[in-house]
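Asker: Given chain D's structure and the hints, the job is docking chain Y onto it.
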Amino acid sequence: MIALQHYLILSAVVFSIGVIGVLIRRNLIVILMSIELMLNAVNLTFIAFSRYLGSADGQVVVFFVMAVAAAEAVIGLAIIISVYRHRQSLDPQEMQLLKW
Amino acid sequence: MVETTHLVSTEVLRWLPFFPLLGSVINLFFGRALGKRTAGILASAAVGASFGLAFYLFWQLPASGIFRDLVYTWIRSGSFQVNISFQVDALTAVMLLVVTGIGFLIHLYSLGYMAHDDDMVRFFIYLNLFIFFMLLLVMGDNLLLLFVGWEGVGLCSYLLIGFWYRDHNNTIAGNKAFIVNRIGDLGFIIGLFVLVTELGRQGVWTLDFIELHKHVQMLQPGTVTLITFLLFIGATGKSAQIPLFVWLPDAMAGPTPVSALIHAATMVTAGVYMTARLHFLFVMAPATLALIAVVGAATAFFAATIALTQNDIKKVLAYSTVSQLGYMFLAVGMGAFSSAIFHVFTHAFFKACLFLGSGSVIHALGGEQDMRKMGGLKAHMPITYWTYVVATLAIAGVPFTAGFFSKDLILWQTFSHGATLLWAVGLVTAGLTAFYMFRQLFMVFHGECRADAHAKAHLHESPAIMTWPLVILAIGSIFTGWLGAPEYLWGSRWDHWLEPIFGTQASHGALSTELVVTFITLAVVAVGIYLAYNTYGRSTAQVGQKRGGLLYDLSFNKYYIDEVYDFLFVRPFTAMAQFFASIVDPWVIDGAVNGVAATARGFSTIWRGLQSGNVQHYAAMFLLGALALLAYYLGQSL
Chain D
2 MIALQHYLIL SAVVFSIGVI GVLIRRNLIV ILMSIELMLN AVNLTFIAFS
52 RYLGSADGQV VVFFVMAVAA AEAVIGLAII ISVYRHRQSL DPQEMQLLKW
Chain Y
54 MVETTHLVST EVLRWLPFFP LLGSVINLFF GRALGKRTAG ILASAAVGAS
104 FGLAFYLFWQ LPASGIFRDL VYTWIRSGSF QVNISFQVDA LTAVMLLVVT
154 GIGFLIHLYS LGYMAHDDDM VRFFIYLNLF IFFMLLLVMG DNLLLLFVGW
204 EGVGLCSYLL IGFWYRDHNN TIAGNKAFIV NRIGDLGFII GLFVLVTELG
254 RQGVWTLDFI ELHKHVQMLQ PGTVTLITFL LFIGATGKSA QIPLFVWLPD
304 AMAGPTPVSA LIHAATMVTA GVYMTARLHF LFVMAPATLA LIAVVGAATA
354 FFAATIALTQ NDIKKVLAYS TVSQLGYMFL AVGMGAFSSA IFHVFTHAFF
404 KACLFLGSGS VIHALGGEQD MRKMGGLKAH MPITYWTYVV ATLAIAGVPF
454 TAGFFSKDLI LWQTFSHGAT LLWAVGLVTA GLTAFYMFRQ LFMVFHGECR
504 ADAHAKAHLH ESPAIMTWPL VILAIGSIFT GWLGAPEYLW GSRWDHWLEP
554 IFGTQASHGA LSTELVVTFI TLAVVAVGIY LAYNTYGRST AQVGQKRGGL
604 LYDLSFNKYY IDEVYDFLFV RPFTAMAQFF ASIVDPWVID GAVNGVAATA
654 RGFSTIWRGL QSGNVQHYAA MFLLGALALL AYYLGQSL
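Protein chains in written order, with my numbering: chain D, 2 to 101; chain Y, 54 to 691.
None of these hints come from the bench; they were simulated from the model.
Do not rely on the hints blindly, as some may be mistaken.
Here are the simulated distance ranges between beta carbons [what the hints assert, rightly or not]:
| hint | chain 1 | residue 1 | chain 2 | residue 2 | range |
| --- | --- | --- | --- | --- | --- |
| 1 | Y | V637 | D | Q89 | 55 to 63 Å |
| 2 | Y | I659 | D | A68 | 40 to 48 Å |
| 3 | Y | F675 | D | Y53 | 24 to 32 Å |
| 4 | D | A72 | Y | R661 | 12 to 20 Å |
| 5 | D | L98 | Y | L687 | 50 to 58 Å |
| 6 | D | Q89 | Y | N667 | 14 to 22 Å |
| 7 | D | R88 | Y | A673 | 21 to 29 Å |
| 8 | Y | Y686 | D | V61 | 20 to 28 Å |
| 9 | D | Q89 | Y | L663 | 24 to 32 Å |
| 10 | Y | A651 | D | V31 | 27 to 35 Å |
| 11 | D | L98 | Y | F675 | 18 to 26 Å |
Among the chain D residues that face chain Y by a calculated CB cut under 8 Å, a handful are [said to hold, decoys possible]:
| hint | residue |
| --- | --- |
| 12 | V23 |
| 13 | Q94 |
| 14 | L98 |
This one's a predicted model, so the numbers in the text were calculated from it and none came from an experiment.
Where is the CB? At the ideal position from N, CA and C, for every residue including glycine.
Looking at chain Y on its own, in the form it has when it is part of the complex:
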């Protein structure tokens, strides 16, 4: 635990976020001159360098050790001090590998994907900037630096969702993401304030993680519950949980590599990372943990049911991301932080693979995203197809893929904690996941091709720069899971690696129970796959068929959540804005300002008569003044 860790100071850490920042700045000023291809390679190289460094650090990191790099003191006020300071421990090292590793692959992929885009330079500027902020988020050794990264990735997300800003809908989607995140961030920052002032009242002014960990026992349980609740609101915004998940599906308006990097693999996991980083706070608040578990399970189920009926290839993946994030929070709620981070890790691989695969499909079809107009692509794009199959198997949780290990672990943790209802929800969700992913697989790659003639003629496998990342991610989609195998196989290296941070995660159940639970999960998954095959795999007749039924309509229309929010929040808000714009602003605000001006002018009409512009009048004033002074002094001397 904290007492046994040893700090190692090293100045290497600062270079890790510095490389992408440098790449971003260089491209900002010289990108146009360099040409888009060079700019893209430069950006990729910057992230590649960070990845190399991250890997080196991961290798060098001693067990239960922490690398630290104090760059400078940012704020000093009394005994309160905030440093620009980075730290890498086992948890951060894992996140670093995910962010830079997957980020690097996606940069490479973007070189191919964005090659025909005129704004490629701008794209890479944003992408590098995003990596920079994400590294700040995971490497900051205090909550304020984490918050800077937190806001920074939100900004980059906004910029990239609205990347193709000429389409008004994309801009609106960007705004939506930004505003919804803002709501969560408000909770987050209030949580920070409460934390700082409450600890400060006990005489400890700090935001530093290690210091917080030491002193957190001073807080009242009620206060901790409040703080963790507020922080969790922030997490629901960033990690797209109920009720703030609505922005993530719309975020698919951005270029597909962005969806893969930001809205699947890295940024949306920031909420999970934050709760894991502050696990010592969260474990003190059982009420919040229970809430997190319920919200997570509900989100997982809810999003999965929406994904069942969507026809947009990226929307399905978006809702599946929301659903998988729900699993992660379910694990957090169970106090199984290690399992949550494990799912973050494996999910990053297979979801990035799925998104990049869908990007490859969209690229091949010239921008088509509607799965009803796909089908039979298997023959045309073998590499994309096979990597997609692997990632689909992984997310569905087929044995010996990454998703199997991580998802099963979460379900087992839930079950062994005695949360049977939540476990049942998670179990059903696993079946739903298998169904909608295989539905997608069949709709896109099997059957006959339903694309129009123009798109058909254009069909091609993507270039090597795009397929190689897919292959690497597909390999990762299988083998990353093997790090966290359950005890009845070869045991988990993962939990051992994260043990210095989260402590030992004791398993509560008997081995036989665990096996039974696993087989139940597998059975449900198999049913999901079979149903998908039965409905969409055998023939494509069902594709695009609208079923009747209330449930189908509800799912297809996303439970009308957007409409409900529109009615409850957006409309009253715009009505209020309208009121302020048409009444308060012109009459009250402008009235006050103009009133002051008018009063001043009124008085000035009296006095400005004195200033006639006639020099002789001024001279007469002189004289009067001189005479007055004279009279005064004479009067005094008399």
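Isolated chain D (complex conformation):
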């Protein structure tokens, strides 16, 4: 029997992988993908609680998150493409203009 805590643990693991990806990867596309991982980990938590509590509220939120994630992916990719065209690089370490 797969209980609620299993879902939550999986979600936490996926979320952590996402966070670590965002923090350490050196490619903007991978970072964007890691953000998707984090979002989906949260979605998983919502769904698990929705099932557990027998309420549809969580599922509604998930649809919102997916819509936002889709929009975010579109805009994020567009930014990435234009950044790449501009700099011929996707390494965030090379984009350090926002400092004193």
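Answerer: Using the frame of chain D, we list chain Y on its own:
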């Protein structure tokens, strides 16, 4: 007195200062477009309109009445209130006629005198602005408004002395006038502060003249002495008395109409006007009055001795102005305010006439001011000559000219008050005045012409726009004095006119004494004229001769007063400024400011390492923050 006066409200008064202000503003913005001639006519018309209005008010003014016009309340703080409010009483009416009347004539004269100057528009802007401030000064119904006018005329004086700013000396002269006046003004404003706070301590917060007059009895005699002393310091600055007279001779650097208007006829009399306006304060302080009398007499004598040997035509007139102002303060010191204002009035005519006449001469000679290079101009400029003669007679005090009546009155008042020593000083000064004025007359207009060939070819009588004001002023130089004739002639209408303000000026002496005193004065004046004729009138051989002798050198070099002041005040001051500029400013002031900046930068080098610009570092901070919050709330819920 105050109790019997009745106030008449009228909204006409505000137009009086408004016209010149309007003329000034219009010329400021559109003067260049209008062209200099139109601008000048506009400016003159503005002052002419004010003169017309002033004359109308003078005519309408009821005996012992006051016109009042409250424009608006300027400052209101608790029970202390200052209004922008004008008043015209008999004293102000007289000053109004002098300021606008003589101002108008001088505006007309300037149309001719400044016609060749490229900056004529600017000249008329300043001139109109000056008239505006002068009207504020004499019309303000409270001390603060008077002070605004007081400072305003000082500003205009500065602007006009340095009018030809391309010559560095003129700018310096302007600065000198401004700074010396500032010293006096400091005394003046401290006097105001003391007056307000001391009266306020008695529960009366006011600067209004009428209110002051009512409540001034509340003050302690010592306080009144202090206040009047401080106010008198202000008057010595503005009216060029010892020790602050040094700026007035230098002020001759300005265009000659300015010298006539500001530095002879109107602004320099502001100090006398102020003391007359506050006569109720001054009469409560006999010590100050005594000081004023001594300073006045000393200044009159001192300046007259300097004027004896000067060779610059305008410098002679400048020192004679200082000397005549000394007479006015002598009268003030005697408590004879009416006589002081009378001398202001007559002096305005003959001194303006003299200055404008000298301007006419300078104009004809193409800018020459050295009397050694003049002479024999009588034939070339008859109108200028004859008006000059009339004004010279008036200032010398020849019988039945204006100067005779007013100066004689002052000397008589001094004598009848028992101040025999001061009277003697005034008497000698009268002789000196006659001497140096006739010396000037002979040097400029008689003998043979010593001008160079170029100036000779250029010689001409001034145009009608310049000679007409001269003629009018010359007429005034005789007949204005007749208003204040002594009792043994036809009696004074003047004292009667000013009686509501100053009260009755009782004459203390017997008629026979008065006549004797008058004849003594006339004898001294005659001796002065004779000596001048003997030395300079018969032949011009003496002209420009330097005599030996310590006294001559002292007089010629103005008693080295400028050098003494330079040594005592200017040099220590500049040395101190130098010290502050080279030590205090770069090290202490800049050091403090830069030190603060350096400290901030030092700390920031530590903290700015946090801001790496790397987005992933920021995200890591986010995470740490989120975890910290989480840990906190978890810790709380446990």
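Asker: Now, for every hint given, state plainly whether the structure supports it.
Answerer: Do the hints match the structure? See the list:
no., hint, result
1, Y:V637 - D:Q89: 55 to 63 Å, "holds, 58 Å"
2, Y:I659 - D:A68: 40 to 48 Å, "holds, 45 Å"
3, Y:F675 - D:Y53: 24 to 32 Å, "holds, 29 Å"
4, D:A72 - Y:R661: 12 to 20 Å, "violated, 35 Å"
5, D:L98 - Y:L687: 50 to 58 Å, "violated, 38 Å"
6, D:Q89 - Y:N667: 14 to 22 Å, "holds, 19 Å"
7, D:R88 - Y:A673: 21 to 29 Å, "holds, 23 Å"
8, Y:Y686 - D:V61: 20 to 28 Å, "holds, 26 Å"
9, D:Q89 - Y:L663: 24 to 32 Å, "holds, 29 Å"
10, Y:A651 - D:V31: 27 to 35 Å, "violated, 44 Å"
11, D:L98 - Y:F675: 18 to 26 Å, "holds, 20 Å"
12, V23, "holds, 6 Å"
13, Q94, "holds, 6 Å"
14, L98, "holds, 6 Å"
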